[in-house]
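The listed protein sequences derive, respectively, from chains A and B.
In terms of my numbering, the first sequence opens at residue 3 and continues consecutively.
In terms of my numbering, the second sequence opens at residue 2 and continues consecutively.
In short, the hints are calculated from the structure, not lab data.
Check the hints yourself; a few may be wrong.
As the list claims (entries may be wrong) - Label pairs and their calculated CB-CB ranges:
hint	chain 1	residue 1	chain 2	residue 2	range
1	A	Glu214	B	Met237	21 to 27 Å
2	B	Leu105	A	Glu125	30 to 36 Å
3	B	Gly96	A	Gly142	40 to 46 Å
4	A	Arg84	B	Gln103	25 to 31 Å
5	B	Leu100	A	Arg179	44 to 50 Å
6	A	Arg84	B	Gln104	20 to 26 Å
7	A	Ile139	B	Leu283	39 to 45 Å
8	A	Asn224	B	Gln106	20 to 26 Å
9	B	Asn14	A	Ile139	37 to 43 Å
10	A	Gly142	B	Gln106	25 to 31 Å
11	A	Arg34	B	Gln103	31 to 37 Å
12	B	Thr238	A	Gly142	36 to 42 Å
Given the structure is predicted, the values throughout are model-derived calculations rather than measurements.
All C-beta atoms in this analysis are idealised placements derived from N, C-alpha and C, irrespective of residue type, glycine included.
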Amino acid sequence: MTVPLWRIAAIFGLLAVSAASPVLVPDVSQDRVQIRGDFTGAELLLFGAISYPPNTPDRDTADIVIVLKGPDSSIVVREKQRVAGIWVNADSSEFRSAPGFFAVASTRPIDNVVDPKTADIYELGINHLQLSPASAIDSGELKRFEAGLVDLNERSRRYISLPGAVTITDDLLYKARIALPASVPVGTYTAETFLVIKKRVVAAETKKIIIEKIGMGRFITNMAKDHGFIYGLLAVALSVGLGWAAGTLFRRI
Amino acid sequence: MDIYLPIANLSVNGLVIVLLGGLVGILSGMFGVGGGFLTTPLLIFYGIPPTVAAASASTQVTGASVSGMIAHLRRKGVDFQMGGVLVVGGAIGTGVGALIFQQLQRWGQTDTVISIIYVVMLTSIGGLMAKESITAVRATRAGTPLPARKRRHHPLVANLPYRWRFYRSGLYISPLAPLILGILTGVLTMLLGVGGGFIMVPAMLYLLGMGAQVVVGTSLFQIVFVTIASTMMHSMTTQAVDVVLAALLLVGSVTGAQLGAKFAQRLRPEYLRLMLAGIVLLIAFWMALGLGFQPDEIYTVQQL
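Taking the hints into account, I'd like the entire structure generated from these sequences.
This is the structure in structure tokens:
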């Protein structure tokens with residue numbers, strides 16, 4: 003079997019590149035977050051090691067950016083305006099995919115770590131989220147709705163910006179804590195870690211985290227979704243039963 | 002005591018919800034209304050999504066009304082024939098309401114329409130009740146009891162065809178009148194998560210001219226069935242009934258309803274009606290202000 007020379011060259015070239023560039027080894031405190039009946043939020047510890055090839059320059063100026071992103075969904079953002087004295091939803095804009103959760107932790111403010119163009123490419127930072135509008139609207143209007151969505155999610159702690167939350171120890175180990183609110187959406191999350199040196203992303207790794215309801219909560223949600231009729235009957239039985247119990251109990255007292 | 006609500010997708014202080022249910026229960030026991038008109042706005046105020054609040058409140062009202070209806074059954078205060086007609090109307094109404102609800106969700110106008118209906122209904126009914134009860138209170142103070150109001154149904158009701166005899170209510174009227182009333186309250190139940198007792202009771206008294214001894218019991222009978230229909234409709238269309246939330250509310254409200262019924266026995270009925278009118282008008286005023294003031298959130302997000 004003959005292997006073309008260019009292919010061998012390419013393989014060697016790749017090896018040479020990978021040998022020369024740093025490697026990230028990320029991990030998370032828990033790759034499964036379980037929402038139980040007493041769930042009030044959780045804290046994720048994202049940590050890992052940076053492995054530099056020998057004689058890498060500028061490793062003392064390295065920055066780490068961690069982007070934790072929840073499942074995408076298509077949404078419609080509505081805007082209230084004052085019409086005839088009352089506030090009604092007057093305008094709306096659809097987005098084909100917006101993450102239900104988005105947290106960015108970094109060693110320094112994003113603006114100091116990368117230039118805006120790079121931040122846009124890797125979605126580093128809440129202001130660099132790439133939301134795809136479902137229909138063509140002018141950029142001013144798009145910006146307004148994006149800002150509205152981001153502001154709403156920031157205040158409900160679903161979009162979180164954590165400059166300075168990542169600490170690097172001895173140019174080798176990094177860690178960051180990200181708090182998940184009780185209203186965190188369920189689904190498969192990705193935690194992307196970026197190593198940035200001199201405003202260039204030199205390494206990136208991704209870990210998966212699953213956030214799921216378990217026990218009663220899971221049962222109830224699935225039931226409500228898949229068996230609406232039976233779920234309704236159960237809800238009715240519960241309320242009639244409790245009402246009946248109270249009605250007869252109090253008569254005896 | 003933090004409890005995670007699986008459908009609302011957030012965690013609440015369970016004790017607060019139980020107490021809220023209890024407070025509403027006391028009022029419902031005192032005044033013979035389901036209390037949904039209080040639960041829904043209070044839940045929304047607490048941060049529960051409006052659709053989940055309305056859907057779960059209707060489940061709660063079922064329990065509170067069963068609890069109250071049992072007491073009235075013992076006193077033979079339920080006109081089953083009249084109640085049956087109202088229930089049929091209510092079932093049609095919840096179906097119509099479900100369609101309206103879905104359409105409103107598509108237009109994104111659910112919250113505005115709900116608020117406007119609330120303000121209009123509560124203001125008019127609260128106003129009527131306040132006027133009537135103030136007159137009654139004045140008459141009692143002056144020591145000259147009002148002449149007994151001659152019981153008569155509204156002329157519009159009298160003009161409807163096909164008359165039936167409703168023995169317990171002491172009426173000979175067309176069943177179309179309670180049917181239409183049932184449909185209207187069914188729509189309201191679906192949209193607002195209320196049993197409609199605060200509309201039903203005055204309508205039965207002043208429009209249909211039913212005997213006062215069967216009004217509250219029959220109203221509760223109809224509310225039980227209509228809220229059951231509404232819970233089923235919500236379960237199958239909006240999927241917004243949160244049983245954990247409903248259970249917490251129920252624990253408070255079924256207990257509160259019994260306490261409220263005991264309080265009610267110690268108070269004069271005209272003062273009770275005046276108090277209820279005050280509460281109803283206060284909520285209407287608060288919601289009207291909410292429509293006019295700039296809301297906390299200009300932007301809202303809906304999943305597609």
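Against the structure, the hints:
1. A:Glu214 with B:Met237: 21 to 27 Å: Hint holds: Cβ distance 25 Å, inside 21 to 27 Å.
2. B:Leu105 with A:Glu125: 30 to 36 Å: Hint holds: Cβ distance 35 Å, inside 30 to 36 Å.
3. B:Gly96 with A:Gly142: 40 to 46 Å: Taking Cβ atoms as reference, glycine 96 of chain B and glycine 142 of chain A lie about 43 Å apart, which means the hint holds.
4. A:Arg84 with B:Gln103: 25 to 31 Å: 27 Å, holds
5. B:Leu100 with A:Arg179: 44 to 50 Å: Given about 48 Å between the Cβ atoms, the range holds.
6. A:Arg84 with B:Gln104: 20 to 26 Å: Given range 20 to 26 Å: holds, Cβ gap about 24 Å.
7. A:Ile139 with B:Leu283: 39 to 45 Å: Roughly 42 Å apart at Cβ, these two residues keep to the hinted range, so it holds.
8. A:Asn224 with B:Gln106: 20 to 26 Å: Holds, at about 23 Å.
9. B:Asn14 with A:Ile139: 37 to 43 Å: At roughly 41 Å between Cβ atoms, isoleucine 139 of chain A and asparagine 14 of chain B fall inside 37 to 43 Å, so the hint holds.
10. A:Gly142 with B:Gln106: 25 to 31 Å: 28 Å, holds
11. A:Arg34 with B:Gln103: 31 to 37 Å: Given a distance of about 36 Å, which is inside 31 to 37 Å, the answer is holds.
12. B:Thr238 with A:Gly142: 36 to 42 Å: 37 Å, holds
Every hint, counting from the list given before, is met by this structure.
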